[in-house]
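Engineer: Use the sequences and the hints to build the structure in full.
In our numbering, the protein residues as written are 21 to 180.
These are computed hints drawn from the structure, not numbers from a lab. Given the structure is predicted, the values throughout are model-derived calculations rather than measurements. Watch out, some of these pointers could steer you wrong.
Said to hold, decoys possible - In silico SDA-like cross-links for lysine to any residue, where the CA-CA straight-line distance does not exceed 25 Å:
id	residue 1	residue 2
1	LYS177	GLY155
2	LYS172	SER149
3	LYS172	SER81
4	LYS177	GLN145
To be verified - Beta-carbon label-pair distances, calculated as ranges:
id	residue 1	residue 2	range
5	ALA71	TYR169	30 to 38 Å
6	ASP93	HIS163	31 to 39 Å
7	ARG89	ALA52	15 to 23 Å
8	ARG77	PRO38	28 to 36 Å
9	PRO134	THR85	36 to 44 Å
10	LYS177	ALA37	26 to 34 Å
11	ALA31	PRO122	26 to 34 Å
12	PRO134	ALA31	27 to 35 Å
13	SER133	PHE72	14 to 22 Å
14	ALA31	ALA161	28 to 36 Å
15	ALA63	GLU119	40 to 48 Å
16	LEU131	ASP51	18 to 26 Å
Glycine included, every Cβ here is placed at the ideal spot set by N, Cα and C.
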Amino acid sequence: MNDLRTRRAGALADTFAPSLYRFAVRLVGQDADAEDVVQQTFASVMAHADAFEGDDRSFRSWVFTIAYRTAMDVLRGRRRAVPLDEDVPAEAAEPVDLETPPAEIRRAFALISPDDQQILTLKYQDDFSNVEIAGILGITATHVGVLLYRAKQNLRKAIR
21 MNDLRTRRAG ALADTFAPSL YRFAVRLVGQ DADAEDVVQQ TFASVMAHAD
71 AFEGDDRSFR SWVFTIAYRT AMDVLRGRRR AVPLDEDVPA EAAEPVDLET
121 PPAEIRRAFA LISPDDQQIL TLKYQDDFSN VEIAGILGIT ATHVGVLLYR
171 AKQNLRKAIR
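Structural biologist: What follows is the structure, encoded as structure tokens:
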């Protein structure tokens with residue numbers, strides 16, 4: 021049974037670790053805290069996996085919801101720190117304009133708020149639907165649409 025649990029944990033980490041880490045670092049702003057969020061998320065998922073009822077897509081949303089709540093716990097445990105330049109990951113959400121060089125998009129992405137970065141990352145990098153994002157963040161799908169619109173507007177302004 022331990023061997024099966026180890027294989028499940030390995031498959032879970034292979035599937036979710038990169039996107040969960042990007043998500044966590046956007047929320048907590050620091051590499052070490054993001055790594056802790058990912059580890060705590062995996063531990064919680066493994067501890068409660070038997071209670072999960074749903075399909076693969078809803079499992080993904082469930083995992084990200086756990087990560088979001090874990091990150092919020094980390095933020096409540098300390099004063100929110102402004103990320104340093106070296107802590108901002110190089111990846112950005114999908115390009116706003118095909119004519120805009122990727123380096124310029126990364127620069128602009130680092131200038132927008134962490135909340136805008138988070139919503140754009142969930143939508144365009146992690147490929148969640150508005151309904152799934154709403155479940156993760158605990159808001160309505162309509163509110164997600166509004167936040168996405170504003171985040172894209174802010175990214176466009178930062179590019180100019």
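Engineer: Does the Cβ pair ASP93, HIS163 satisfy 31 to 39 Å?
Structural biologist: violated, 22 Å
Engineer: Given the proposed pairing of LYS172 with SER81, does the C-alpha separation stay at or below 25 Å?
Structural biologist: holds, 23 Å
Engineer: With a cut-off of 25 Å on the C-alpha distance, tell me whether LYS172 and SER149 pass.
Structural biologist: Roughly 16 Å separates the two Cα atoms, so the pair holds.
Engineer: Honestly, do ALA31 and PRO122 meet the 26 to 34 Å range at C-beta?
Structural biologist: Distance hint for ALA31, PRO122 holds at roughly 32 Å.
Engineer: Assuming the hint says 28 to 36 Å, is it satisfied by the Cβ distance from ALA31 to ALA161 or not?
Structural biologist: Because 30 Å falls inside the window, the suggested range holds.
Engineer: Is it true that the C-beta distance of SER133 to PHE72 lies inside 14 to 22 Å, as the hint says?
Structural biologist: violated, 32 Å
Engineer: Within 27 to 35 Å or not, the Cβ separation of PRO134 and ALA31?
Structural biologist: 30 Å Cβ-Cβ, so the 27 to 35 Å window holds.
Engineer: Is the hinted pair LYS177 and GLY155 satisfied, with a Cα-Cα distance of at most 25 Å?
Structural biologist: violated, 28 Å
Engineer: If you check the beta carbons of ARG89 and ALA52, does the distance land in 15 to 23 Å?
Structural biologist: holds, 19 Å
Engineer: Tell me if the beta carbons of ARG77 and PRO38 are separated by a distance inside 28 to 36 Å.
Structural biologist: violated, 18 Å
Engineer: Is 40 to 48 Å right for how far apart the beta carbons of ALA63 and GLU119 are?
Structural biologist: For GLU119 against ALA63, whose Cβ atoms are near 44 Å apart, the range 40 to 48 Å holds.
Engineer: Has the hinted range 30 to 38 Å been met by the Cβ atoms of ALA71 and TYR169?
Structural biologist: holds, 36 Å
The structure shown violates the earlier hints numbered 1, 6, 8, 9 and 13.
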